[in-house]
Structure formats: C-alpha cells, structure tokens
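Please build the complete structure, drawing on both the sequences and the hints.
Here is what each chain is made of, one letter per residue.
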Amino acid sequence: MSIGLKNKHIISMRDLDRSDLDLLVETAGAIEEGRIKPDMAGRIAALLFFEPSTRTSFSFDSAMKRMGGETLLMKGTGSTSVQKGESFSDTLRTIERYCDIIVMRHAVEGAARFASEVVGLPVVNAGDGANQHPTQALLDLYSIKKTHGTLEKLKIGLVGDLRFGRTVHSLAQALAPYNPEFYFISPGFLEMPEHIKAELTAGGVKYTELKEVDSVVPELDIMYVTRVQRERFADPEDYERLKGSYIITLDTIKDAKEGMRILHPLPRVDEIAEEVDASPHAYYFEQAENGVYMRQAILSILTGAVK
Amino acid sequence: MKQLKVDAIKDGTVIDHIPGGKAVQVLKILGGGKEATVSIGMNLNSSKLGKKDIVKIENHELSADQVNRIAIIAPTASITIIRNYDVAEKRKVEIPGKIDNITHCPNPNCITNKEDIRTLFDRYRGADDDKTEFMCHYCERIYPADGLKIKVG
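Top to bottom, those sequences are chains A and B. Residues in the first sequence are numbered consecutively from 340, following the numbering used here. Residues in the second sequence are numbered consecutively from 6, following the numbering used here.
Honestly, the hints are just simulated from the structure, not real lab data. Note that this is a predicted model, so its numbers are computed, not measured. Backbone N, C-alpha and C define an ideal beta-carbon position, used for all residues, glycine too. Take the hints with a grain of salt, since some may be wrong.
[Claimed, not checked] Below are the EDC-like pairs computed for lysine to aspartate or glutamate, each with C-alpha atoms no more than 20 Å apart in a straight line:
id, chain 1, residue 1, chain 2, residue 2
1, A, Lys582, A, Glu610
2, B, Lys136, A, Glu533
3, A, Lys550, A, Asp560
4, A, Lys536, B, Glu138
5, A, Lys536, B, Asp135
6, B, Lys103, A, Glu614
7, B, Lys119, A, Glu456
8, A, Lys582, A, Asp560
9, A, Lys376, A, Glu390
10, B, Lys119, A, Glu390
11, B, Lys119, A, Glu425
12, B, Lys154, B, Glu99
13, A, Lys536, B, Glu99
14, B, Lys103, A, Asp354
15, B, Lys119, A, Asp429
[Said to hold, decoys possible] Ranges between beta-carbon positions, derived for each pair:
id, chain 1, residue 1, chain 2, residue 2, range
16, A, Glu520, B, Ser44, 54 to 62 Å
17, B, Lys53, A, Lys492, 46 to 54 Å
18, B, Arg128, A, Thr393, 38 to 46 Å
19, B, Arg123, A, Asp378, 38 to 46 Å
Next up, the structure:
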C-alpha cells in the first residue's frame, strides 16, 4: 500500500495527490488503532531543527521512538559545524551518512526542497520559513477525518491571520480535493492571499470571505483558529479594536452544530478563551496527539517500514 | 517625415516590439551580446505599444531557446531572421514552461538567495489564464514574469 510514497519526500502539499493524502490518513488511523504496528527498530531519523520548534520536534521524536526507532536531534546551529562556515549542502551530505530519513525545519524558504535534491534519503519538511508545513496540514486532515468520519463536503471556517499563516495555506490546499466549502474569516489586511484563492477557484472550490466569525458559526463543521498577532498591526488601536472579533469564547460558539470541532495548530495565546477547553467542541489538544500518529505514518511509509 | 533610427543589417536577427525600456534586459537574457555587433533603438514610437525598443544583432541567428527566453520579459516581441538583407524567417515568442537559472528569485528569504544554487521557476497557471506568472521551485512564491530580475551573465 505504500508503493507510491516509499523513498520519496514530503516537502510541499503541492506534491501530494489525493491518493497520497488518503494513504497517509488511513495509515495514521491504522497505527492509532493498533491495526498496523510499524517496526522502526534499527532505523534512525535525523531531526534537524535549524530553527527551533519544541512541539514539532518532540512530535517527530515521539513518533519515531513509539515505533522502536531512534533519533538524532539537532536544535539550532550553535553546536554544529554550520557555525564554523560549513555549507548547507556539506552538512546535509555528512548527516545523511548517519541516518535513514531526515526531518528538517529551517527558517529559509525552499531549504527542504534543496535538501531533498542534495541527499539520497527521504526528506520531510517540518516547516520552511513562511512557505510550507505539510506535516501540520496532514495531521489537520487526519484530525478532521477522525472528528467527522469523512473529509468530503465539509464546511470549514479558517479564522484569524490567513495572510501570513502558512498552516492555513497548506490546509486549504490539502482539503481542496475533498470538495470543501470554505469560510475565510479575517481582518481585511490579513485575508487569504490571492494566489491561494486563485488556486481554489481553478479547482472549483467555493469560498466566502468574512470579517467576523459570529454569523457563520451555525454553518461550520470545523472552525480552524489561528492567532492574529499584535505585531502584524501598524496601528495598535486597530489591534485593540479588532482583537475581540477573533477571540473564540463559549458565547461565540453557542449556536454551533453539535458536531462542530475547533482546531488550532498551537501554541495558543489568547485567541481561544480557556473556558472553551472543557467544551465538547474543543479538539486542539487531541489534534496535537494526532500529530504523533500522522508522523508515525509519514516516517514509516517513507522509509518502507510499512508495506 | 520618416527617419530610419536604426540601420538595417545584412545578416542576423531583429527583435522588434520590445516594450519600451526593456531592450537592455533582453540583451541580458540573451547572454549580454558580448561578441556580436548589436544596435539598440529605445523608446521609439509604436502604434501597438506606445513606446517600443528594437534590438538588431548582426551575424547571429537566435536559437529557439533564446527566442523563448525573450518571452519572459517581452511577450509582445517579434523576431525576424535576416539573411542578405531579406527576411528569411519570422519567429513567434512562446512563454516557456520553465525558467532555468536565468532569473533571480525576488524573495530574499529564498534558499536560492542564500546558497550558491541554480534558480528554477515553473509556469504557474492559476484561475486567470491571461496572467503570465511563474512559481519558484524552491520557495513556491508566485511572481509575474516581469517581476523576475534577470541574472547578469
């Protein structure tokens, strides 16, 4: 079942077709339910976090260790020869001798694509600057599949900073093959970029753009919340005026459908009030757990441990 | 009164209908015209373009690849091959599917601006077919063709 992705890379959602997405989501589910037990004993994943990220690196680390594999974890460049002036490609060509798969986060956009062209191993992009973060989008897909039993024809609200948030871009691309109906809810200057909207239109995906969330809550199957960051606002008064529009409280979701679930890539700051955590709609911590199953699926499929 | 602004050539290539001011970029994209004799007319009146540039390259016939490179910055250009003062051939420019190591990526945070590696752009087809846009193979940012800066070569 893993013929399509074995020895390949996961760099961008653009590289994955619907059959790849279905395979990854199904495999994550089978791993969580214990129907598949990938054996990664003797395999090593190098987790190269040139840009530190606690959650994503721990999630990959946990995924590898739960399958009996081992990890080499690098955080930042302080203790490496990168600081001594070694070229990026030399670093990669050396590290590939030590491991079976490379997981990489880097502040520079395109770094993971470049790495995949330099080394002879599978490379997983764990975030490259403002560009892509495909494993987040994949765990989001898996979370949505778990909460609704399907990915087809769902009404999905993306809330907050849709301009700079790479997770919402990747998620919109990931869901596009499943006939979603999107609601993009953001302040005007943080709206979904034109090229993403153009791609969706070209794929026949419907979307509606809104400035506030309340009116659309009863429609939604999924509310995907991201933070509106204070530093994005040129005028602090604008931030103070608008921030309340994008903070989700129990009152915001009082008319939500029973099955509506709230997702968030975390870390949360104040965009979802803590009172929401106990609501049956809250799903963001389970979502983080789902990240481990999805990353187990990714690591085991790319290395060929799942056959 | 009509006036010939750029002399006719005996053998070579005439690139006409270049948008005004872009002749130098066209030469850059062709490799700088280091050896051939090149005449340039800039900002000539044009009924189609308002202002146009014209480039004449003596004793050199452009290859299909070179013609297509021109399309990146001058999609309106017309190419005429001259042999013994006569028009031997007219070639249309076609926008290429890929731009391989000809332009810089405008994104300062793109790996191609941090490491010494080639650039690569793929033609990007969004909802609007009329736009000529390219996506960086590495950082995946999308730029209009005329927003890509030609590498000096």
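Status of each hint after checking the structure:
no. : hint                            : in the structure
1   : A:Lys582 / A:Glu610             : holds, 8 Å
2   : B:Lys136 / A:Glu533             : holds, 13 Å
3   : A:Lys550 / A:Asp560             : holds, 19 Å
4   : A:Lys536 / B:Glu138             : holds, 15 Å
5   : A:Lys536 / B:Asp135             : holds, 16 Å
6   : B:Lys103 / A:Glu614             : violated, 52 Å
7   : B:Lys119 / A:Glu456             : holds, 16 Å
8   : A:Lys582 / A:Asp560             : violated, 23 Å
9   : A:Lys376 / A:Glu390             : violated, 31 Å
10  : B:Lys119 / A:Glu390             : holds, 15 Å
11  : B:Lys119 / A:Glu425             : holds, 13 Å
12  : B:Lys154 / B:Glu99              : holds, 19 Å
13  : A:Lys536 / B:Glu99              : violated, 27 Å
14  : B:Lys103 / A:Asp354             : holds, 17 Å
15  : B:Lys119 / A:Asp429             : holds, 14 Å
16  : A:Glu520 / B:Ser44: 54 to 62 Å  : holds, 59 Å
17  : B:Lys53 / A:Lys492: 46 to 54 Å  : holds, 49 Å
18  : B:Arg128 / A:Thr393: 38 to 46 Å : holds, 39 Å
19  : B:Arg123 / A:Asp378: 38 to 46 Å : holds, 40 Å
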